[in-house]
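**Student:** These are the residues of each chain, in order.
4 protein chains.
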Amino acid sequence: MERKILLTDCPDETGLIARVTGICSKYKLNIIKNTEFVANQQQRFFMRTVLEGDFCSGFLQEIREALPKEASIRLITTSRKKLVVMVTKEMHCIGDLLLKHYAQTMNFEISAVIGNYDNLRELTEKFGIPFHTVSHENLTREEHCREIMKVIDGYSPDYIVLAKYMRILTPEFINAYPNRIINIHHSFLPAFIGAKPYEQAYNRGVKIIGATAHFVTEHLDEGPIIDQDVIKVDHNFTASDMAEAGRDIERMVLDHALNYVLDDKVFIYGNKTVVFRN
Amino acid sequence: MERKILLTDCPDETGLIARVTGICSKYKLNIIKNTEFVANQQQRFFMRTVLEGDFCSGFLQEIREALPKEASIRLITTSRKKLVVMVTKEMHCIGDLLLKHYAQTMNFEISAVIGNYDNLRELTEKFGIPFHTVSHENLTREEHCREIMKVIDGYSPDYIVLAKYMRILTPEFINAYPNRIINIHHSFLPAFIGAKPYEQAYNRGVKIIGATAHFVTEHLDEGPIIDQDVIKVDHNFTASDMAEAGRDIERMVLDHALNYVLDDKVFIYGNKTVVFRN
Amino acid sequence: MERKILLTDCPDETGLIARVTGICSKYKLNIIKNTEFVANQQQRFFMRTVLEGDFCSGFLQEIREALPKEASIRLITTSRKKLVVMVTKEMHCIGDLLLKHYAQTMNFEISAVIGNYDNLRELTEKFGIPFHTVSHENLTREEHCREIMKVIDGYSPDYIVLAKYMRILTPEFINAYPNRIINIHHSFLPAFIGAKPYEQAYNRGVKIIGATAHFVTEHLDEGPIIDQDVIKVDHNFTASDMAEAGRDIERMVLDHALNYVLDDKVFIYGNKTVVFRN
Amino acid sequence: MERKILLTDCPDETGLIARVTGICSKYKLNIIKNTEFVANQQQRFFMRTVLEGDFCSGFLQEIREALPKEASIRLITTSRKKLVVMVTKEMHCIGDLLLKHYAQTMNFEISAVIGNYDNLRELTEKFGIPFHTVSHENLTREEHCREIMKVIDGYSPDYIVLAKYMRILTPEFINAYPNRIINIHHSFLPAFIGAKPYEQAYNRGVKIIGATAHFVTEHLDEGPIIDQDVIKVDHNFTASDMAEAGRDIERMVLDHALNYVLDDKVFIYGNKTVVFRN
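Residue numbers (our numbering), protein chains in the order written: chain A, 260 to 537; chain W, 260 to 537; chain S, 260 to 537; chain F, 260 to 537.
If you are wondering where the hints come from, they were derived from the structure by calculation, not from laboratory data. What you are looking at is a predicted structure, and each value in this text was computed from that prediction instead of being measured. One or more of the hints may lead you astray.
One copy or two, either will do: identical chains are not told apart, so a pair holds if it fits within one copy or between any two.
What the hints assert, rightly or not - Below, simulated DSS-like cross-link-like pairs (lysine-lysine); rule was C-alpha separation at most 27 Å, straight line:
#1 K524 <-> K292
#2 K341 <-> K263
#3 K292 <-> K341
#4 K340 <-> K531
This is chain A alone, in the form it adopts within the complex (with noise of 0.2 Å):
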């Protein structure tokens, strides 16, 4: 007995549901979990199925012929992933996730750390994980992501994280790794594009900051959005008090982000996201 996730993402038409499920239940396979969405102004249909029993090749082959050819279909074991992540300073966001590597409580191990500075190689290397400094200090920015890329190849990861990694990256980078890369941005976007949200955010005088985490598209801080949350502040807050109360938000929504993402409960279309968040 073995369990597997099956993605479907095509163009929607009448008895998709009935047709997935119809040769599941000729395969003997059990649902444990189907979740399914229909973007209508796009004519979209998505759906998560959680299948457990024998799986033989027959079955993927026949779910291919009863859905229109333009399908795209997966059917993903489910397995801890591998993941390279990507810092500069800041250690909030890279500490929670070697707590988690550490702990085994969620659903990926960190393969590296790459690092533009070398100020989190001691705390990376306490959990026993290779910290690579690339500085980008007298590279051009192209240099700079192709030495990082190096790096990152050498481990083959099935997600690049970049957990407050600060700076822009090239279309080269962005466009060796698909839907792959995932930035928690500082600000509840599309509020407080580009540098120094919290300051932003001080001197308009908002009432509530965020954090976003998104996928990484050539649009900096355009990409698909996967998970948002807020916490309140006020007139007591400087900029400085924000960016500390900001770290909280920051790290919890990359995590749900990354729950989602690695429990294959993501789809991306256009530039926006379906997360099946149960």
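Knowing the structure of chain A, use the given hints to seat chains W, S and F on it.
**Tutor:** Below, chains W, S and F without anything else, positioned relative to chain A:
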């Protein structure tokens, strides 16, 4: 073309989704939305299927035959539900319901309001809705409840909403409307069961207060919970400040719970609910 | 025995609290509550002092003499504030305000409602409040605003509340009521400035939507923020579902902001507010 | 120039703020922040005054003489507090505290960790902090608590933090550290007092779960509450899913409560707290 909702509640076994959606497909009914849940501990299966198409009489029959014979199956025509609302003296919940009745933004109409005092008559009648005063004075609880039942039964409502009705109902009353009485309780149940929850909360020095919407059963404050929410308080709040702050959360929670119930998104099993929020 | 609120707003220097509270003590005024804040960057001091006792004329004079001469000092008799509410077509915010006027649970009465359409007249008049239709048709923006100002000025309100008034006001209008116009904006500002914020939010694929209450200045959607709040949404929400879900949060945020303003808990400085919530 | 915090806790009477701030002014101490609260029912006055300047010995003496003789007055030099943390087997709270100790972003250092099992030794020692295993096996509760007290007393900590320490403490232990033991309880107290709160929550079918940080008194789960928070759950959550989701809120609430306590923002009166969050 009609839209109906098929609600399936039965012992779990393999192939249920395939069977139901297969029959929908056979009858050319388009599935607009399908949500399912299996309560593993109870081995019970729940599914809500929103269908569009031409419904013929054979459809429901075929569904019944395909499912275990203990299954509870309902095919519901979506339509505005009829409510009778019971009140005592507080205005915030009934006021909100009256506005929503008037605005027609929710899925209900209020057939009548029943109060054990007269003070909400004026407000109710502004909206052209009959108000019945059924005083509890000089009556036993049993007599009083029977008087109210007579009024209710004149309207044949789908649901009875206790919008801050502050008296205990008799088992006879409760059993006359099984799974059809919805109460808003002014605490985060199971904390502060019984009378004066805000005073209890003040005395305990809690930092959060809440509200709970639940179905009414014979066990006071212990029926299946539909929705709950909270707000933060602090040492500045007296018991009466808490009560005032609680009003907002009470009407919000009642509003959300009604939305779920009236859209046929709620299943009851044992003393719990399945709420398909989406 | 009377209760008054002393509001102090002046350049910061040492000894301000001692001076003010010392004079209160000398005049045998009991301090019920004292809240202060120093905006360090601006070196500005704000204090709200709730006093009880017999107020004689010398008191305020002595306070003035004890503080820097640029100080803005107000001694306010707590009383119900008078509002004129402006609306367009949406009912949820004005409905809520009308109920609160009727229930007398908040610190205001509504003197009149002004709409550029007629559809909210019936609801307003149920509560015995005059409704003025001032259509914008066939008028320039300047002419239309002047017509509204004439109606407003007939009531001498303390504040003007834009309860989903959907047209832009002229600088002349705004400058006629400085720091006295409160707007509820249907987004989490500064995200989604301008028209159709829910459509913008839908298109961006955000996972949270919000509302913002702010004072109105000449710069559209950029006045000092009084309060903000949010609710979670997901891929199931269309733009119109978001708008509907947003209604709850809009009226809550407006309600909270009004509470703060009408209880004289809000100071404005630069483009920001100090809100003494307690 | 030094910064100190003056904490005043005394029976309420008129003129207290004026007296205290007047003496501060006389001694040329600048008030950076002043927060006060009167518990009307108990007629008790609480004030926290952050002062900057040169403190001479006469100052505190003069404050004492100016206040009722039952007053509790403390003048605190702000400095990093020393904690001993007690654990059983769960890692999320202690992991978070260890990271914060390492990052030095909060106002504490961890002197030692004491566990009744050995499994958190490895993690603790990664951070260079001594770990003491004090097994409860073959000991009475009294003997076990005394063993722990011996270890604690070797460190003279300011506070003892129960970071998921799952055993009941003796009155002797509790009375040895009055108002200095902080516990994180895995439910929204007073709901689900006692063992297995997540199982209780699951069985009750609640839609929200929470956590509570409180001072420990002889009455189990009934000490003064410092902070509470909640997250939403639904029918999809098993008891163990709730426990997992609860971890996030547990460490957040403990973190916030510690922040308040270590910044000397918390007063205890009766079985309640005053928490000056700002």
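**Student:** Against this structure, judge whether each hint is valid.
**Tutor:** Structure-based check of all given hints:
1. K524 <-> K292: Close inside one copy (12 Å) and across copies (18 Å); limit 27 Å.
2. K341 <-> K263: Within one copy, since 18 Å is at most 27 Å while 45 Å is not.
3. K292 <-> K341: within (25 Å within a copy, 34 Å between copies)
4. K340 <-> K531: within (23 Å within a copy, 35 Å between copies)
This entry satisfies every hint, going by the numbered hints stated previously.
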